[in-house]
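When you get a sec, could you build the whole thing from the sequences and use the hints?
Protein sequence lines correspond, in order, to chains Y, C, F and D. Whatever position you read off the first sequence (first residue = 1), add 24 for the working numbering. Whatever position you read off the second sequence (first residue = 1), add 24 for the working numbering. Whatever position you read off the third sequence (first residue = 1), add 24 for the working numbering. Whatever position you read off the fourth sequence (first residue = 1), add 24 for the working numbering.
Since the hints were derived computationally from the structure, they do not count as laboratory data. Errors might be hidden in some of the hints.
No more than 30 Å apart at the CA atoms, straight line, and that leaves these computed lysine-lysine pairs for DSS-like [to be verified]:
1) 148/C <-> 33/C
2) 114/F <-> 148/F
3) 75/Y <-> 29/F
4) 33/D <-> 148/D
5) 75/C <-> 33/C
6) 75/F <-> 75/Y
7) 33/D <-> 29/C
8) 29/C <-> 114/C
9) 75/D <-> 75/F
10) 29/F <-> 114/F
11) 33/F <-> 114/F
12) 29/F <-> 148/F
13) 75/Y <-> 75/C
14) 29/F <-> 75/F
15) 33/Y <-> 29/F
16) 75/F <-> 75/C
17) 75/C <-> 29/C
18) 148/Y <-> 33/Y
19) 29/C <-> 75/D
20) 33/F <-> 75/F
21) 148/D <-> 75/D
22) 33/Y <-> 114/Y
23) 148/D <-> 114/D
24) 114/D <-> 33/D
Output of the computed footprint for chain Y on chain C, the stretches with three or more beta carbons under 8 Å from beta carbons of chain Y [claimed, not checked]:
25) 170 to 179
26) 200 to 209
Backbone N, C-alpha and C fix where the C-beta goes; we use that ideal spot for every residue, glycine too.
Here's the letter readout for the chains.
4 protein chains.
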Amino acid sequence: MARPKDDDKRNAIMAAATRVIVTRGLSAPTAMIAQEAGVANGSLFTYFETKADLFNQLYLELKAGMASAALEGLPARAELREQLSHVWSKWMVWAVSHPEKRRALAQLAVSDEITPVSRAAAHKTMAGIGELLERIRANGPLRNAPMGFVVAIMNALADATMDFMVQDPTNADRHCRVGFDALWRVLS
Amino acid sequence: MARPKDDDKRNAIMAAATRVIVTRGLSAPTAMIAQEAGVANGSLFTYFETKADLFNQLYLELKAGMASAALEGLPARAELREQLSHVWSKWMVWAVSHPEKRRALAQLAVSDEITPVSRAAAHKTMAGIGELLERIRANGPLRNAPMGFVVAIMNALADATMDFMVQDPTNADRHCRVGFDALWRVLS
Amino acid sequence: MARPKDDDKRNAIMAAATRVIVTRGLSAPTAMIAQEAGVANGSLFTYFETKADLFNQLYLELKAGMASAALEGLPARAELREQLSHVWSKWMVWAVSHPEKRRALAQLAVSDEITPVSRAAAHKTMAGIGELLERIRANGPLRNAPMGFVVAIMNALADATMDFMVQDPTNADRHCRVGFDALWRVLS
Amino acid sequence: MARPKDDDKRNAIMAAATRVIVTRGLSAPTAMIAQEAGVANGSLFTYFETKADLFNQLYLELKAGMASAALEGLPARAELREQLSHVWSKWMVWAVSHPEKRRALAQLAVSDEITPVSRAAAHKTMAGIGELLERIRANGPLRNAPMGFVVAIMNALADATMDFMVQDPTNADRHCRVGFDALWRVLS
DNA sequence: CATGAATGAGCGTTCATTCAT
DNA sequence: GATGAATGAACGCTCATTCAT
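And the structure:
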């Protein structure tokens, strides 16, 4: 049963889990997720072997969605700064448009139910951004730092920026720019 | 007072909680914390009214410990860069020397059992660093950003740096310096 | 609906609760009730939301059972004395035949978990007896007393009588008659 | 240590227990009773071996107090009806003046922690009333009923009457009289 | 003798998972 | 495959009782 037929139901569960995690944290009962998804209690377990399995898949899917949003429409021929700026903007827009997904993701990222395998897979999902970053830092002050460190710094700055954009939406655009400028100063 | 409340025991519970949170997350059973502390099940509740109370106090204590480690021996007359560098080093040393505390803190920070009051108190604990930061950014590119944003960026960079220092201890010193340089570029 | 909620099981839990309350009072552990009912620990809570809920429902059911036993086969055209005598006899027979139910009921009646709503509903259950009483006392010495008082007196006499019938079963019939005669003297 | 020196403390605990039982039922924690009595947690157990012991002694004391209130100033030479009426009035006055004691007593009476021995001793306390009753019923319709039954009936009527006097204090006097008349009709 | 911290069994309730229907 | 009742281990917390101070 490599994947049960009804993908709609699977997606409904994923979406429900996202919502419920936001309100109830990682201890959200599977029964509540199932109910929110309009599905019976036990049906959840025909789509996901365990609760941890659901969480891992959700984590991966959210990360992938985020990455693909960030990379959408990347102007591959533009200058590097321009490209990164584009990614940054898309990324921030995603965060602001999907606050629930971001919050669920934050919770999941910190969970110890998420396996190293899932984390690695999620990481891969951002490979596109990684490559761009690689080219940018090549001549900058971080040229000798491990790539993972550079990515971590970018993620950290992105997270801080998102928090402020969500927290103070009136000045979201400014915060977005300030965040990007800070990142650029770090990298080049 | 017969058999006064024993500070050693309180500390043992705090330390045990730190350890158990690392291995079991926020769902760390109180019974396990008590056992780890060498104390009876119910004794935990003579020192802390509820599990949430324990977690809030632990959160505050860990944050305060971290802040005071960072600020210890601050060369108040040195140049600002020198001062921040000192804080940064001490901070990183604390993180590397107390990986369990840092991990527990990360979990606690994300818990919704931690009250706004505790968060505010914990924040105050870092006031010294905040002031330093304030003076540093006054003439830099972030002079118009909200202070909270600046702090968030610093925390984000610090966390990323710590992760790499812990992950790759051989080059800890280098990572520490790279992180600091990045921070400095962001601020000035 | 897969495996519909089983009325037998519900009844088994009710009966078990009755028995356990007799031996352990209102602090009867739910786990013991479940075991006595031959049901898992947690299953009790698929039939009753809380222990208090179980107790309220049990209270109501026992009272209703008692009332319907008392009113069964009421000779509605007979003289009032005859009717009351009939109710009294049936009532006493119920008490003697179901000593556990009576004891559980006594405990429940005194519990502060039983809500006013349940008490009111239980009261309604005895409305038939109330009406009869109403007609009887209309021309008697209690014609000006509040109806509630009259009912309370009847209940009090009934309880005393039941106690003696149970305590001294050999003379149960005589006690039953003595009790009734006392009641009749009070009322008319 | 047939009786610890400090009778005041013992009495304070008894009084506290009375109050706490009213508000919290028989599951009132001993710690709460101790606190209410202004006494340490563990001190309670130097005055009473166990919680059950406290409850038994309290039960006995309350019953004795009630009985002695009822018998106080008994006009031993008056007519029997007059004597009973006097007892009845005093009894009702006691109930109305000490609602907490009465309520605690009601709870205790139903508890299965109260031993048969305590119940017997409490019963003896009412011997004075019993003798009066004995003489009254000697020529009445209950002349052949067991004495215990007669006492039970009286208690039952008394309880019902008290409930109404407390519930509807405006007409307390009338309810008192109605109750007595009912009793008299039962007895003679 | 007073105190109150220490103890640990016990309780009501929850919940991931299984399985009869 | 879908359903939801059944299961029982686990949890946070309480409390009568003990005992070090």
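Evaluation of the provided hints:
The suggested pairing of residue 148/C with residue 33/C holds, with an alpha-carbon distance near 27 Å, which does not exceed 30 Å. This hinted pair checks out: residue 114/F and residue 148/F have alpha carbons roughly 19 Å apart, not beyond 30 Å. Annotation: proposed proximity of residue 75/Y to residue 29/F holds, straight-line Cα distance about 26 Å (limit 30 Å). Taking the CA atoms of residue 33/D and residue 148/D, the gap is near 27 Å; set against the 30 Å cutoff, the hint holds.
In summary, the hint linking residue 75/C to residue 33/C is supported, as the alpha carbons are separated by about 16 Å, within the 30 Å threshold. In summary, the hint linking residue 75/F to residue 75/Y is supported, as the alpha carbons are separated by about 29 Å, within the 30 Å threshold. Only pairs whose Cα atoms come within 30 Å are accepted, and residue 33/D paired with residue 29/C is accepted, the gap being roughly 26 Å. Annotation: proposed proximity of residue 29/C to residue 114/C is violated, straight-line Cα distance about 33 Å (limit 30 Å).
Only pairs whose Cα atoms come within 30 Å are accepted, and residue 75/D paired with residue 75/F is accepted, the gap being roughly 24 Å. Between residue 29/F and residue 114/F the alpha-carbon distance is near 33 Å, which puts this suggested pair outside the 30 Å criterion. Of the supplied pair hints, the one linking residue 33/F and residue 114/F holds, its CA atoms being roughly 29 Å apart against a limit of 30 Å. For the suggested pair residue 29/F and residue 148/F, the alpha carbons sit about 28 Å apart, so the restraint of at most 30 Å is met.
Using a Cα cut-off of 30 Å, the hinted pair residue 75/Y and residue 75/C holds, with the two alpha carbons roughly 24 Å apart. Between residue 29/F and residue 75/F the alpha-carbon distance is near 18 Å, which keeps this suggested pair within the 30 Å criterion. A distance of roughly 26 Å separates the Cα atoms of residue 33/Y and residue 29/F; the hinted pair therefore holds under the 30 Å criterion. Restraint check: the Cα-Cα separation between residue 75/F and residue 75/C comes to about 25 Å, which is no more than 30 Å; the hinted pair holds.
A C-alpha spacing of about 18 Å is found between residue 75/C and residue 29/C, which places the hinted pair at or below 30 Å, so the restraint holds. Annotation: proposed proximity of residue 148/Y to residue 33/Y holds, straight-line Cα distance about 27 Å (limit 30 Å). Between the alpha carbons of residue 29/C and residue 75/D the distance comes to roughly 26 Å, so the proposed pair stays at or under 30 Å and holds. The hinted pair formed by residue 33/F and residue 75/F meets the criterion: a straight-line CA distance of about 16 Å does not exceed 30 Å.
A C-alpha spacing of about 23 Å is found between residue 148/D and residue 75/D, which places the hinted pair at or below 30 Å, so the restraint holds. Simply put, residue 33/Y and residue 114/Y have alpha-carbon atoms about 29 Å apart, close enough for the 30 Å limit, and the pair holds. Distance check on the hinted pair: residue 148/D and residue 114/D sit about 19 Å apart at the alpha-carbon level, within 30 Å; holds. Of the supplied pair hints, the one linking residue 114/D and residue 33/D holds, its CA atoms being roughly 29 Å apart against a limit of 30 Å.
Residues of the region 170 to 179 of chain C lying with their CB closer than 8 Å to a CB of chain Y number 6, which satisfies the three-residue condition for coverage. Requiring three or more residues with a Cβ within less than 8 Å of a Cβ of chain Y, the coverage given for the region 200 to 209 of chain C holds, as 5 such residues are present.
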